[in-house]
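> Chain residues, written in single-letter form:
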Amino acid sequence: MGNFFSSMFDRLWGVNKELRILILGLDGAGKTTILYRLQIGEVVTTKPTIGFNVETLSYKNLKLNVWDLGGQTSIRPYWRCYYTDTAAVIFVVDSTDKDRMATASKELHVMLQEEELQDAALLVFANKQDQPGALSATEVSKELNLVELKDRSWSIVASSAIRGEGITEGLDWLIDVIKEEQLAA
Amino acid sequence: MAPLNKKIQKFLKDSIRVAPKISKKGELAELRNGLVSPYPQTRKDAIKKTIQQMTLGKDVSSLFPDVLKNIATNDVEQKKLVYLYVMNYAESHPELCILAVNTFVTDAQDPNPLIRCMSIRTMSMVRVDKILEYVEIPLRRTLQDDNPYVRKTAVICVAKLFQLNQELCIELGVLEDLVSALDDSNPMVVANATAALTEIHGVDPSVVSLPKLINSHVSQFLLALNECTEWARITILGALADYSAKDSLEAQDIIDRVSAHLQHVNPAVVLATIKVIIRNLPQIQQQNFKAISLKLSSALVSIMSTPPEMQYVALKNIRIILEKYPELLVKELRIFYVKFNDPLYVKLEKIDIMVRLVDATNLKQCNLLLTELKEYAMEFEPEFVSKSIQGITQLAIKYSGEKFVSKALDDLLELVDRTENLKDDCCIAMCDLLRHCPTNEKIASDICALLNSWAVPESSLISDAAKCNYIWLMGHYPEKFTDLEGKLDQMIENFVQEECMTQASILMTVVRLHTQLPGSTLQNVLEMATTSVNEIDIRDMAMIYWRCLSMPNSDTLVDQLCKSVAPIFENALDNFSTETLEKLLNELSTISSIYFRPQSVRAKRYVLRQNIVRGKRMDELKDMAKNEIAKNMNDDVLLDFGDDEPKTSSSGNVSSNLLDDLDDIFGFNSTGATTSSETKDMQSSTNKMNTSTTNTQDLLNLF
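If you're matching them up, the sequences are chains V and F in order. The opening residue of the first sequence carries number 1 in full-length UniProt numbering; numbering runs sequentially from there. The opening residue of the second sequence carries number 1 in full-length UniProt numbering; numbering runs sequentially from there.
These aren't lab readings, by the way, just hints derived from the structure by calculation. We put the CB at the ideal spot given by N, CA and C, even for glycine. The reader is advised that the hints may include incorrect statements.
Said to hold, decoys possible - When the alpha-carbon atoms are kept at most 30 Å apart in a straight line, the in silico DSS-like pairs for lysine-lysine are as follows:
#  : chain 1 : residue 1 : chain 2 : residue 2
1  : F       : K331      : F       : K407
2  : F       : K25       : V       : K17
3  : F       : K10       : V       : K63
4  : F       : K130      : V       : K47
5  : V       : K47       : F       : K80
6  : V       : K63       : F       : K69
7  : V       : K60       : F       : K69
8  : F       : K69       : V       : K47
9  : V       : K17       : F       : K7
10 : V       : K63       : F       : K80
11 : F       : K48       : V       : K63
12 : V       : K17       : F       : K24
13 : F       : K48       : V       : K17
14 : F       : K69       : F       : K48
15 : F       : K246      : F       : K583
16 : V       : K60       : F       : K13
Claimed, not checked - A short, non-exhaustive set of chain F residues, derived as facing chain V with CB atoms under 10 Å:
#  : residue
17 : Y39
18 : T73
19 : N74
20 : F104
21 : K130
As the list claims (entries may be wrong) - Residues from chain F that keep clear of chain V, each with C-beta distances beyond 10 Å, as calculated:
#  : residue
22 : M87
23 : E91
24 : L172
25 : G202
26 : L222
27 : I284
28 : D342
29 : C448
30 : S463
31 : F481
32 : M551
33 : I591
Here chain V stands alone, though its shape is the one from the complex (with noise of 0.2 Å):
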């Protein structure tokens, strides 16, 4: 009986349900290093991701689905195949990698357009914070054009995957935003 009233308790909190966030940017960024961060708290070598990593995490009475896309160019076109349901979009930019802003710039800017992505909350991390020439928040916001979208809840983190910082800053901020729409909703 403990079992059974446990579980009605879930469903009054709607723990069972998951919320589905996706990690995307370009290849190299620290996308998967991000997940493994927020699911078990260390900092894995990884390979380049040729497909997806999935992790279901708790956090804050919440269950997650994170997805990590690859980001190669070859792998970018199926970013669409999941977009369907997504609570959040996590975009994250390797903040060293000038060359390639405007890139991520473009990805960025083209993904928001999908209809399915509406209401979709967007946090962006400027990953890579503790490698010499990285550039600010400030500046990889100014670089993705990000004061140009309207009607959505956004914000740019300062991260190092590698040293932990920032990470969860985002996530509360994601969090928060999410909660709040639910209950609006």
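Please build the complex by placing chain F on the supplied structure of chain V, with the hints as guidance.
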């Protein structure tokens, strides 16, 4: 009260379940929603339903991207289902398969060996080239796995990879790993590595030197043999059968080590063991031969007590073995007696084996068999009856005593007397007997008396061979037939409709008896044979006879032609040539042993070629487009080159399609010229083209 308890539990579970359920209808839209549902429970249900639809034969390939999303899971059951789906539909979505690569690679490192094994197995089963690009790391890792279950799977995957992409397989160097797997401590791995190597050797013998490997690993095989499953045993025994022992001691050793498996329940194991023993038998010392052949014969007897399908295979193999070692089963004739409930195909084989098996020096045994065969000839299945009658003849000729032959003949006469429709078979059988002892007057007159009594032979005999024999008999014993002319005339009437054996026989008989028959008969037959017969041999034969008959002293010549005596019929059983026999013995328990045709002889060697699915790449499309443009341009240019530059035109023909080649041609046109002159050249060539087209127009106007 357990069931009630369960019911309550189920009710409670259902009542608290939030995750929406999937209905039983299995509509694609519903399944698609279920597969991406935020509730894990619903997703799993949806996957189950999808697989259910798949096994029912419905096309659920459009769900591929959504099913693929569920591949990364910790639930083994769900993973297995998704893998099953991916295996089935990967070819319909080659591009999307790439999304599964990461999971494959991660799963190949999973702590659970079942998942490691599943991942590598699925990966090698997905016939998509993009997946194969990433197979290296997981394959290498699983080949070195700690768990033998994973290793034995990985070893097979090498063979699969080889079939899909030979170059890649060689480049990765996994074949070396495969070879070293032969030294593995686990017998299953050894067996699977052997199977994989055999497969690869079958596709391309130049890649691995299988015979050498087998030579160096015989001891490992013999060790692994006792510890592995029956199917692995068959593989290992198959490899051992390819090994030729160095001396009699080693041969003896191998036979001793494998002969325990002669008692195995699985007939395939028994047959594989027999094959190994047969292979080593020639090298064995004489004093041990008897003991081994005893073991062999009891093993052969044991596989005769299997279901009929296997019995058939066993019989076919026994037939081959018997030809090499006829004395092997001589005492076991009884087990081949036909049982009433044997299927026809087994019955026919059994008769064949019995006649071959019987000891021709043992009158008692021959008599026994004769009675047995006579019994069979009174059954009702026509094929079985004719095979028995044929068997009687074969037996009589094999024993060869005149007394025995007349006994067989008496039996045949009795049979014909009893049943009407045996005339065909008996006619052939009796003529065979007569050809075996042509000098025996009694037999000849008995047979002729019988055949003479048949009123309308051409309606009572149906088969070509029987008619042929009947007419042959008339030609040889004309004095024993009454109304010979009338009977022959009946046959001649249908001459054109008869099959060629009968036609030839009529032709010969008529020529042979031309002095006794009216001249018009001969003329008639020769004319028909030369004008209205399709068979070229018959026409030629008739021509030759006609020419001989029209020569000046034709009588002696024709006499010489006709009086030649056919050789005595010594052996009614057909045998393999020594070469074929040796080959067949090496291919026992394979499909060759059923067809009696060694693999090298079979015209089409069946080679497993898996086709691999490629996603169309951008550059491929570009190439295609380029080719098309180039081709069109080439057509134009060829028109021009045709009239004044034959050398260039030929080179233009050879180097067909690519733009680059075309550039070369233009370059060739303007040897040593600058770019500007090149463009000039282009212009001039177009001018020339114009002129040439006007030329053709003029030509056309001429007509």
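> Take the hints in turn and mark each one as holding or not.
Here's how the hints hold up against the structure:
no. : hint            : in the structure
1   : K331/F / K407/F : holds (24 Å)
2   : K25/F / K17/V   : holds (25 Å)
3   : K10/F / K63/V   : holds (25 Å)
4   : K130/F / K47/V  : holds (17 Å)
5   : K47/V / K80/F   : holds (25 Å)
6   : K63/V / K69/F   : holds (18 Å)
7   : K60/V / K69/F   : holds (25 Å)
8   : K69/F / K47/V   : holds (20 Å)
9   : K17/V / K7/F    : holds (26 Å)
10  : K63/V / K80/F   : holds (24 Å)
11  : K48/F / K63/V   : holds (23 Å)
12  : K17/V / K24/F   : holds (23 Å)
13  : K48/F / K17/V   : holds (20 Å)
14  : K69/F / K48/F   : holds (14 Å)
15  : K246/F / K583/F : holds (20 Å)
16  : K60/V / K13/F   : holds (26 Å)
17  : Y39             : holds (6 Å)
18  : T73             : holds (8 Å)
19  : N74             : holds (9 Å)
20  : F104            : holds (8 Å)
21  : K130            : holds (9 Å)
22  : M87             : holds (16 Å)
23  : E91             : holds (18 Å)
24  : L172            : holds (17 Å)
25  : G202            : holds (33 Å)
26  : L222            : holds (43 Å)
27  : I284            : holds (58 Å)
28  : D342            : holds (58 Å)
29  : C448            : holds (87 Å)
30  : S463            : holds (68 Å)
31  : F481            : holds (89 Å)
32  : M551            : holds (87 Å)
33  : I591            : holds (42 Å)
Of the numbered hints listed earlier, not one is contradicted by the structure.
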